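Participant: Sequence:
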Amino acid sequence: MKLLIVEDEPNLLSILRKGFAENNNEVSVAMDGKTAMEMIHNYTFDVVILDVMLPDINGIEICRRLRAAKNFVPILLLTALGTSENIVTGLNAGADDYLVKPFKFGELDARINALYRRSQQETEKIDTITVADLEINGRAKTVKRNGENIILTAKEFKLLYYLAKNTGRIVSRDQILDNVWDINFDMNTNVVDVYITYLRRKIDKPYSTKLIHTMKGLGYVIKP
1 MKLLIVEDEP
11 NLLSILRKGF
21 AENNNEVSVA
31 MDGKTAMEMI
41 HNYTFDVVIL
51 DVMLPDINGI
61 EICRRLRAAK
71 NFVPILLLTA
81 LGTSENIVTG
91 LNAGADDYLV
101 KPFKFGELDA
111 RINALYRRSQ
121 QETEKIDTIT
131 VADLEINGRA
141 KTVKRNGENI
151 ILTAKEFKLL
161 YYLAKNTGRI
171 VSRDQILDNV
181 WDINFDMNTN
191 VVDVYITYLR
201 RKIDKPYSTK
211 LIHTMKGLGY
221 VIKP
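Numbering (this note's numbering), first residue to last: 1 to 224.
One thing to keep in mind: the hints can contain errors.
[To be verified] Computed cross-link-like contacts, DSBU-like style, restricted to lysine-lysine with a CA-CA straight-line distance of at most 30 angstroms: (1) K70 to K165; (2) K155 to K2; (3) K34 to K18; (4) K34 to K70; (5) K202 to K158; (6) K158 to K144; (7) K210 to K155; (8) K104 to K34; (9) K158 to K70; (10) K223 to K210; (11) K101 to K18; (12) K216 to K205; (13) K216 to K165; (14) K141 to K104; (15) K141 to K158; (16) K165 to K210; (17) K155 to K141; (18) K223 to K158; (19) K165 to K223; (20) K101 to K34; (21) K2 to K158.
Derived from the structure by calculation, the hints contain no laboratory data.
These figures come from a predicted structure and were not determined experimentally.
Could you build all of it, start to finish, from the sequences and the hints given here?
Facilitator: Printed below as a string of structure tokens:
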């Protein structure tokens, strides 16, 4: 995991950093709210361990700002304030879990691992697109139709994934070139048509129901 630990107590920060690093995690640290916000903005973390009482910006406010910005990185709050009211405030601000100080490292480690597993499962659900009996996993880069694995090249996968993200919508050749090839191709090239043919051989030809359709003069669409 890529962890960010935000804690202003040097001794506790050192213990947590060492403990998580020894468990083969990639650990970054911050000792105040402003630094934490900058790091979260500039880097991607799997889980954030966030103390409530921090200089500059407290942990509750950090939660609120991140969720308002549609950043849903899993957050565990560390708090010395164990009353129900304070815990509810933290959870309502967007925290995913909390742990009251003092605590045992083993429990914190278990909670962080649980948050990470849950987020990975949710990400996989989000990254899975289904069109009829075709299933495309954007995270694992796998494709199945009728439960059978289909092997695609990297470019074939990127083209299929783009079509699937636009299920039911016609996308033009120019749109495909911009989003799949990501470079300024000669717009007269037939590379899109060639790769559509490659996809059809693997996605449609072995099956009775065709999913990839040509809309003459407009482009292509994938739909049941």
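Participant: Hints numbered earlier in the text: which of these fail when held up against the supplied structure?
Facilitator: Per hint list: single violation, 14.
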